[in-house]
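Trainee: Grab the two chains, each in its own frame, and use the hints to assemble them into the complex.
Here is how the chains run, residue by residue.
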Amino acid sequence: MGEILEIFLSASFWAAVIRIASPLIFATMGELICERAGVLNLGIEGIMVVGAFAGWMTVYSGGGLWTGVMVAMFAGMLFGLLHGTLTVPFGLSQHVVGLGITLLATASAYFAYRLALPRVTTPPRIEAFQPLPIPILSDIPLIGHALFTQTPLTYLAFVLVGVVSFVLFRTPLGLALRAAGENPAAVAAQGLSVTALRMGAVMVGSGLMAVGGAFLTMSAFNSFFFEMVNGRGWICIALVVFGAWMPGKALLGAVLFGMFDALQIRLQQTSIGADVPYQLFLMMPFVLSILALVIMSRRASVPAALMVPFNKGER
Amino acid sequence: MRLEVIARPSLWRMIGFPAIALALTVVFGSALALLAGANPFQTLGLILRGAAGSQFALLETLNRATPLIFTGLAVAVAFRAKLWNIGAEAQLYAGALMAVLLGTGALGWSPALLLPAMAGAAMLAGALVLLGPALLKTRLGVDEVVTTLLFNFIMLLFISMLLEGPLKDPMGMGWPQSSRLIPDARLPRIVDGLRLHWGFGLALIAAVLVWVIQSRTTLGYEMRAVGQNRQAAEFAGIPVGRVILKTALLSGGLAALAGFSEVAGLRGNLTLDLSPGFGYTGIIVAMLALLNPIGVVISAIFVAGVFVGADSMSRAAGVPTYIANIMLATALLTMVLAIALTRFRVRWD
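Protein chains in written order, with my numbering: chain G, 1 to 315; chain D, 1 to 349.
Careful, some of the hints might be misleading.
No more than 20 Å apart at the CA atoms, straight line, and that leaves these computed lysine to any residue pairs for SDA-like [stated by the list, open to error]:
#1 LYS82(D) x TYR221(D)
#2 LYS168(D) x SER179(D)
#3 LYS82(D) x GLN228(D)
#4 LYS168(D) x VAL276(G)
#5 LYS168(D) x TYR278(G)
#6 LYS246(D) x THR138(D)
#7 LYS82(D) x LEU92(G)
#8 LYS168(D) x ASP275(G)
#9 LYS82(D) x ALA16(G)
#10 LYS82(D) x LEU306(G)
Listed next, with one range per pair, are the computed distances between beta-carbon atoms [to be verified]:
#11 GLN42(D) x SER297(G): 51 to 57 Å
#12 GLN268(G) x LEU35(D): 38 to 44 Å
#13 TRP348(D) x ILE295(G): 44 to 50 Å
#14 VAL191(D) x SER297(G): 47 to 53 Å
#15 LEU142(G) x GLY141(D): 52 to 58 Å
#16 ARG170(G) x GLY318(D): 38 to 44 Å
#17 MET1(D) x THR270(G): 58 to 64 Å
#18 PHE225(G) x LEU58(D): 31 to 37 Å
#19 ILE190(D) x ALA244(G): 53 to 59 Å
#20 PRO133(G) x ASP311(D): 26 to 32 Å
#21 GLY62(G) x LYS168(D): 44 to 50 Å
#22 LYS168(D) x THR270(G): 22 to 28 Å
#23 PRO276(D) x GLN268(G): 27 to 33 Å
Note that these hints are calculated values from the structure, not bench results. Just so you know, these numbers come straight off a predicted model, no measurement behind them. We put the beta carbon where it would ideally sit given N, CA and C, even for glycine.
Isolated chain D (complex conformation) (with noise of 0.2 Å):
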């Protein structure tokens, strides 16, 4: 078989691919759910109503979508321009890290100018341990896939190094956790009395501004021209090498805020479970999203509600809830077959 190039779509492949790609994923987590003895109708139905079944349950979707937007933006951004950060589990970390280092005592100021420094320094951090394996890359040619990915475990242990020596909590009981932030240190809630951070405001504001800065900025084309290709971008003159130094600290300042919104917004210390993956989600959320900015929004909450559904499902309907996982992946390798069968047609002969 050979593939042969589409020149223009119809509106019948656009819609109709990604469509069999959905529907393939739910008849085998249909099946999945079969095979653990449920009523595939019934677990489908409470992964549903789990996730946005009620007021409580929709909250806890969108705060559970809050760091995915930011992974799921820093990825988006990165793979754009073929940087290949698996890392945003590192990066969260260290953003998180310096939410705790600034927001437990350290700095006595008001919030209004404590929570920029510490969103600050949190991007800063998460942008420097990027921009480690990028500079490898440009400088010396190692590739960043592996770097990045051998990053999430150092920096898991490093953490992990901290929580059971300096940061420890005197008052945590033995258990490896940094103190709580100070009341100042905390993100406010949107609407009183509701469960939604505003870190979740700030991931939205995040996903304009990434989506201004591709779509209406010199670097934006830039980061897109070294994506689509190296050689003709390099060939009319863009700076390669620094463009993707640039986005580097970009996608890795991003990814570093979900782990300043969840220490500052939800859990307010440092622990070692802080992210169960969150970097690696973030991956399927903005291969969803096409490396949409404004799609990242969308489709992070999709999987959030995936995961928060399939939370309280497994609690009702006893099927283990890596049922969430599976489907997930599974979508993901299904969307992007599908995407690109709206661009080639399969010729056999």
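In isolation and in its complexed conformation, chain G is listed as follows (with noise of 0.2 Å):
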């Protein structure tokens, strides 16, 4: 036991969960916007990789480290436009159509991979994101390093948890959102255009999964590589269930889940680490996702016509 607990008082373990949460949070805040707005956006851990493999590639051929931020968001995003067209004006399935943009995006950044650097082996590093302390408050203990010595991704993944909160909640175009997702048939009576509202949902939405991506190549790991991704994206999809469709809880979610990975990582290192085979820790995020599935599953906030397709005029 002395040994997780000396896990717990290390300055780093706390700076690790952080880092480790933050791409989840700029994705699952993505796929939350998504299914708040009533579309189930499955083509996440493609537009994840899309996203990872334009902000690097932007950055390796000299390009500035925003620019790498919004290339990805624009990449993401320009699928989110695919996956709109085709699900909410076209409302095909949404399972469907998600898992083709997952397929289309993923074997898209490994095509692009491949033709920009065919034959390397070694991916090449780039220089990412540099940790970026805040004065006085980096200096708290503990708590501090953790919290305010991140790169400013990081900092940008807190701030925009407020920021969708707030604009879900308190403006009337997050009202508007909230309510295609819920209520289509009363928008359209409002005279609003469910479809507007949706397609702008799932692109805004791609569009933050894509950054969540371009943290791992650019805040994370500083290269990128096949299977880089590894199922993030459908964790988030976990995340927002768990955060029952609000950002507060799912930041909390995403959190919680960083503090278990984290922790898997340091006890492998540890003597219980000896005895017990790496995969059974690298399992643990996994059968987590699924326990916080099944633990929310009794809760019935799910928004009302998630991926129930609109079309005007059919009753």
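Mentor: Following this line, the structure appears as structure tokens:
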């Protein structure tokens, strides 16, 4: 037990928790916006791959870091536009289209990577975002280092949760978005376009997922390699359910998840890790996500019109 | 814009839109070849020749189609009942695992007993793997899309654990791979001297059986009814929960046969790269076949041809092999849209 206590008391552990949670926060907020408007976006996994690649590629070919983030977001929005066009006005199956987008986006990123670097075996590294300690605050023991010695993208992730929360619950736009996911007929009766609201939500949401992916290459691993997203997108879908479609609770879920993930990495190096196969530790994130879904399953807070296409003039 | 249902679509619509979808896919593929600095006609020609240009190529395509028929059937069966099984990859590995557990010498039976035992055990394991998410869906209302997806990762790690632990081949020079199957546990070739194993025959039989189940049995009728309208099915007295569980058992079992046939027919042992995403590609196969079991055979051969052809083209023309995945994903998306457009008219008002 001493070893585990030691882990929890180390500042680097808490810094890792926040670092691991950051890309999940972006992507979870993206998925949450889509689902609140009534669209399940299973393109998330592939869109994260595209974001990871686009951001990395921009910096690798000489662009600035923030340009990379913008390019990633733009690429994500393009796939969001495709997803939205097929699922919103045409009302196609959100399951099939989403999985199709994931396959298309992943393959496109891999294709482009192979085109750009045909024979590279070790992925080249880029000069990524550096930690930006916030004066005074970062000197607070334990938490200070964890929360306030992060890269700018992490700070942005936390600000984003506040912005999403504010827009969804304190503005007319947010009210309209949520209504599009609960009762689209009522939105249409108000003279608003359900199609426009849902398309907008899917595009913005997809852009955020791509930024989550870009975090991986531009703020964590500093290079792009195959399989790097590794199911994070699917975990974010579980996090949205876990957070009961509320931005704040979803943030809590992402941080909790980061805690377990950081813990399993460190446990592998303790005396427990010597006896237990490392694969069991790597399974934990996925097992926990399933558990979270099971625990939250009784709560009926799903947007009522999630996955229900809206066709004007049909009743 | 809004969509208006067409009561009786014309033949022109039924053939025209899917044809446009395929044409768009080919045009998009050509554009990618151009982007890679290759001649599009030559690239497409090389893909075609690599897939079906020789006896060797054709047999290679059929071999590659075999696991895709099984996973395609698994997806088709499940999607028909609106059970979103995205976990065929995990079920495939469960089947492969059983094939290795029984086929490496644990059972000294004759092939006539051993092979059916392996296939049966594989189906059982695959069925059980999907039963978990299906029970979570029917009992607790947990969305099966996410749980089946997450199970894929868990299963792969579990297999990795076994291959580095109890199942590790002592003669494997330290590689994470299982021991090889005994000769009696291998699926024989259909024709001596030709590289096509009986897994393909088994896949064809499975397709016919699934067709019979779907179109000639009560279960098939119930599965369709549940998929078309759950509430109506419930109202009509169909035990919806039980139908979904039966669907899950069938779907998981079919996907597991892909693993069994790959291990016993082609590879001879279990490794972590047994499946390059056959489970996920099964979704494309099933959708292109409009969830029809006989159609699955044709679309699996088509999809396998694109993969095999792209592999051989990539070696010759240097266009990255991921062009195959892009073209297939494009085919999937355009085809789903085309099918919708045969049934709906777009009104701009």
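Trainee: Hints numbered earlier in the text: which of these fail when held up against the supplied structure?
Mentor: The structure breaks hints 9, 15, 16 and 20; every other hint is satisfied.
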